[in-house]
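Protein chains: 2
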Amino acid sequence: MSASPSIPATRVLAVASHVVSGYVGNKIAVFVLQSLGCDVAALNTVQFSNHTGYRQWTGTMASAQEITDLYNGLRQSYLDDFDMMLSGYIPGAEAVAAVGAIAKELKEKTRDAPGKFFWVLDPVMGDNGKIYVAEDVVPAYKSLVPLADLILPNQFEAELLSEVKIADMESLNRAIQALHDKYRIPHVVITSVKFSVPGHPADHLSVVGSSMTSSGKARLFKIVFPSIDCYFCGTGDMFGALITMRMREAVEKVPGLSRRPNWLSDDNTPALELPLAKALEKVLASMHQVLSRTRDGMAAVVERTSAAMTEEDKGDEKKAHFVKTKAAELQLVRNLDCLRTPVVEFMAKAI
Amino acid sequence: MSASPSIPATRVLAVASHVVSGYVGNKIAVFVLQSLGCDVAALNTVQFSNHTGYRQWTGTMASAQEITDLYNGLRQSYLDDFDMMLSGYIPGAEAVAAVGAIAKELKEKTRDAPGKFFWVLDPVMGDNGKIYVAEDVVPAYKSLVPLADLILPNQFEAELLSEVKIADMESLNRAIQALHDKYRIPHVVITSVKFSVPGHPADHLSVVGSSMTSSGKARLFKIVFPSIDCYFCGTGDMFGALITMRMREAVEKVPGLSRRPNWLSDDNTPALELPLAKALEKVLASMHQVLSRTRDGMAAVVERTSAAMTEEDKGDEKKAHFVKTKAAELQLVRNLDCLRTPVVEFMAKAI
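Residue numbers (the numbering used here), protein chains in the order written: chain A, -5 to 345; chain B, -5 to 345.
Just so you know, the hints here were simulated from the structure itself, not pulled from any lab data.
No experiment lies behind these values; they were computed from the predicted model shown.
Given that identical chains are not distinguished, each listed pair holds provided it fits within a single copy or across any two copies.
Calculated cross-link-like contacts (lysine-lysine; reagent style DSS-like; alpha-carbon spacing at most 30 Å):
1. Lys211 - Lys136
2. Lys98 - Lys247
3. Lys110 - Lys318
4. Lys188 - Lys318
5. Lys101 - Lys318
If we strip away everything but chain A, and leave its shape as in the complex, we get (with noise of 0.2 Å):
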């Protein structure tokens, strides 16, 4: 239990928003780092009440300035010897310029050194064909994504980047085809697939991902895994946690291939046998344990915060959200074997 064996020592810098009460962002990514074993430097880019899930919030956003500073502090004493980064929500345009000139300088100072430094990149932008960031903040993204090592998209945001419209399984492959000519990007992984796939049952979910080959061609795998009925916040960036530090545990396993550019497995690696595939096995099984457990135990959330509530309060519409919101917290901290030793259920299958 001293540590989990399988991942080697990481040093992570983690950006992405703080909130007080809740598990969103670096509040979520990091305890899920730390808890498989990795040294992590939380870099904040909020600090909120709770999260917007909730309708109301209070706080404060970190600007593009402090971002930097508090990079500069860290290299100024030696502490920016990262081995990887992990960036989720960032405010606005001028801050996602900020995080992207950090991650040029982590790449820049391990240009002699392939794989030494690996950058996976949460662009979030949107969702369900909604932007809800400012209109320039997808172009800053996009400018970004040449430098990520993996990034994780929903179907929206994939759409956004790759400007393929996604309504099938055919028009999603081809997106991420887009995006490796496009950006050179090495590993996809969208996150949500929002159409229903011939074949599959009505009440699952799958998840699609792709490493490409020396030439750049997508190696397209997916795996599908029952829906839980029920609206959470936080799972993207529990995801994007778990695969950095899966990747980088399926990527050791492979002799050599922690020192080749981007991780990028040899043209003969099929789909089935890539590092991202074996690595999303475990981030799925550990992502559909925290869940379950989450909607098992909403109930006895939803009874403790209504006893301090009155009758009146209890029936306003508004009040019964922030509950309802409440009880969808995922549940991490007291299941840290789902996180740390997950069962893997759900197997990646060739498309």
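Assemble the complex: chain A is given as a structure, and chain B must be docked to it using the hints.
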């Protein structure tokens, strides 16, 4: 492994500083609390690149108003249902008062339910005879101590609060009695005792604790443990997080105690049977194991960091200080077992 089954589900508000890199303040307390299965709301009073022991840092402090706003954000969405609160470094007297107002409100809310809310206050003011906060922070803390349930001053802070000069075990005991008398503070732990105690090996340290009786009489005990010859930062913050959860655990083991005011044991409980004494034994076991492993791992950190330095930089005393300070950052994330399943070696003794 799914949780520490002996510690009941607990929701803690942790108020302290945040550092991007390294392990002090909330950066260490939050992980320790979470590792022991605790749902933590982390209100960060500062965001600095690194702790001030490096002698250089960047970042920003939260104002008293920002702290209050964040708490109000929690309250308006029913996120203020805390079982416990742990407060560490708070920047300035106004911010100390803001945190005190939060604790006061949480106490007031549970006035009719004794034991329902428990505040662990680390009155961070100075060390080794020197105040390192603004002068007006001292009276600000003095006015808050009567609201707390457990305080964790070091020897110097105990002197400031008790107005008793501590030079030996006898004056230490007087200081603790003065704290119970002056502030009606139920539980006290003096976290570092600087004088040498007759009969103890010179390389040993002691921690002294007391839970008062119903008439306010100190019930004193001490734990003696070997010191590790190295200057670590963040030990006080790790201590605070550990004692918070271990106190909760020890109290839960005594039927009915968690519903008594301030979790105060009845008068016939001898000092060595106090939950505070039992909790402290586990805390010091965890501390000693983490510090030992940190010391054992320091050379590797120095080697890793030096690899990126020029020969000239390596010879620079100021730069060597950064590297040494970085190497002394507490190594927690790969030593989860020390936190979760400590092996008790140092037992509480009567004074």
